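> Spelled out from the first residue to the last, the chains are:
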Amino acid sequence: MQKFTTVTGIAVPLRRSNVDTDQIIPAVFLKRVTRTGFEDALFAAWRLDPDFVINKKEYQGGRVLIAGTDFGTGSSREHAVWALRDYGFDVVLSPRFGDIFRGNSGKQGLLAGQISEADADTLWNLIECDPGIELTVDLVSKTARVGDLTVDFEIDDYTRWRLLEGLDDIGLTLRDEARIDEFEATRESWLPRTLPALSVESTSTP
Amino acid sequence: MTNVIPASQVSSRTGLRTIAEKVWDRHLVTKGQDGTPDLIYIDLHLLHEVTSPQAFDGLRLANRALRRPDLTIATEDHNTPTLAIDRPIADPTSRTQIETLRRNCAEFGVRLHSLGDIEQGIVHVVGPQLGLTQPGITVVCGDSHTSTHGAFGAMALGIGTSEVEHVMATQTLPLNPFKTMAITVNGRLRTGVTAKDIILAVIAKIGTGGGAGYVLEYRGEAIRALSMEGRMTICNMSIEAGARAGMVAPDQVTYDYLQGRAHAPRGADWDAAVAYWQTLATDDGATYDAEVIIDANELEPFVTWGTNPGQGVSLSGSVPNPAEIVDANERSAAERALEYMDLRAGTPMKQIRVDTVFLGSCTNSRVEDLRAAAEIIKGKTKAEGVRMMVVPGSARVRIEAEAEGLDKIFLDFGAEWRFAGCSMCLGMNPDQLEPGERCASTSNRNFEGRQGKGGRTHLVSPLVAAATAIRGTLSSPWDLVSDGDQ
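Chains A and B, in that order, are what the protein sequence lines are. Counting from 793, one number per residue, gives the positions in the first sequence under the numbering used here. Counting from 1010, one number per residue, gives the positions in the second sequence under the numbering used here.
Treat the hints with care, as some may be off.
To be verified - Some chain A residues near chain B, calculated using beta-carbon distances under 10 Å:
hint : residue
1    : Asp814
2    : Arg824
3    : Ala836
4    : Ala837
5    : Asp841
6    : Asn847
7    : Lys848
8    : Ile892
9    : Gly895
10   : Gly898
11   : Gly939
12   : Gly963
13   : Leu964
14   : Glu976
To be verified - Taking lysine to aspartate or glutamate pairs in the EDC-like style, the calculated list, with each CA pair at most 16 Å apart, reads:
hint : chain 1 : residue 1 : chain 2 : residue 2
15   : B       : Lys1391   : B       : Asp1364
16   : B       : Lys1214   : B       : Asp1351
17   : A       : Lys849    : A       : Asp949
18   : B       : Lys1040   : A       : Asp968
19   : B       : Lys1391   : B       : Asp1421
20   : B       : Lys1040   : A       : Glu974
21   : B       : Lys1391   : B       : Asp1492
22   : B       : Lys1462   : A       : Asp968
23   : B       : Lys1387   : B       : Glu1411
24   : B       : Lys1462   : B       : Asp1336
25   : B       : Lys1040   : A       : Glu969
26   : B       : Lys1389   : B       : Asp1292
Think of the hints as simulated: they come from the structure by calculation, not from any bench. Note that the structure is predicted; figures quoted are calculated from it, not measured. A virtual CB, placed ideally from N, CA and C, is assigned to each residue, including glycine.
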């Protein structure tokens, strides 16, 4: 994963709350077995409407999405994050995220920053007055700047650190592999195992 | 982050713990320090074809093994057809995804239940049915409805594909501790009111983001009175309130469900397991970060009118008027929802006519759900022009239902009796709504386009689904009685 420090790019105002991951990427696009190539799938149903914000020419090349509260609720599909990344978004700012979506974002270098509802409103108004205006997101200071305005965003310290360092989770965990081995040695023998496969028929004799 | 902290030091200051904290503490591999997450051991990893291919690819690219195939199991569910399952899957992309899962499971030594196998079915039906889902364990799956398994007192989390890969490689997950919320459901449900109505009412009450950051624990007299199937229905939709998980403390109902299942412990192991399970219930006096209280006596059959599961109302109520909603966000969401759903404020819910009734999904496709619906429709006639589709949660559920003659009741009624899978819950297979079609669905999400582009979904219980199929408008069994039970 690439290190993330600051991003400057066109901000896109998405004035909608409860944008679930089915809206970010409809299920029909989940049949692919690759991790890339989802840019056309992003908001696929809403993009059929020529007036949808993403379709407006001022917002082409947008890199920072400003969304309403409860963004990324619903299905766990990481495809939602891949679609946002493939389209070109590096940052989503929202007053509240779905937990799984927020976790997925951190794994894929998409900054999911939490802002207040008042700041979301201020940013929407400001951007809509000057469509295409660029916004700078600074992960070091946890701020978003546009024109004279600076708003703070929240992100948990661990995700911030991993994004700043561009670290891979599995590599980090495997540093503690000896601990995992130790833990496994203490697990009770009766805990369920999937192998060998048992059936009621084969185990019903006392 | 290298010291294992004894459970007693992790617990709340009083030393009294909730079930969620107990299961968490028991699975702590390393305790996070200075803002790093805890590392939690995962006892059971469930896989399906949609969220696993990129994770297997990641393992291959990094030349990593799948650490514990014996704690991993896969099934085919999201893409699988529910008709003609003996023929090749028609949609080439669906077929590729299924074939990719088969290849990956063979390569990494993962047990797979493929289409045609008696244990094939929706991943959240298969785990409990095999007895793999047990109290006090940690369960993950690349699917948000993994919360279902919390009905057994397991900590069950839906995860993304990167986390799937992480569990494959390490059998652990780095996780930040959650807050706890008690959902206490006092009293007794009236006849005709079900677990589905409880959870729809809970979500309407706390909102789709109300559970964010929390593990919900369902407790109280009405929860204790539920079967395991009912508890699974409730825990299943915890994610719809934004929660990371939902749990119910295990009791005799849990043990009775598990005993004798293929992977349940036996003999001395059973006794040891039960001894552990009996320690799991939340300690008297333990505190929650939040509590919600629901009175079961007052609950009625509940349905949704909008495009998120929090937009629900009692079936006896009406479509709300957005102008009367104070919160600006909720008001604009309601306006959008009514436009999409083609509904007018003030319309009684019972006057809403449907085209399709879907009985299925990981929320309501177990044999008890099918039995409850069959009992309502038995000997009745389906409303003219209404299509009803019944999709059992697993091949085993289908066979059990057929042994009881339920298939015949559905077929006589004029419903379609299908093979197992996720089906019309999300329409990744051919089972989809047409644009503008309206559906009473026992599934979990009424999102725009969820059941097919332009489709309109009302979430309902199996009983409401059955009564609606008879009357053609959103109805409950109570309405059949007032019809004179013709």
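> Which of the listed hints are broken here?
5, 6, 7, 11, 16, 17, 22, 24 and 26
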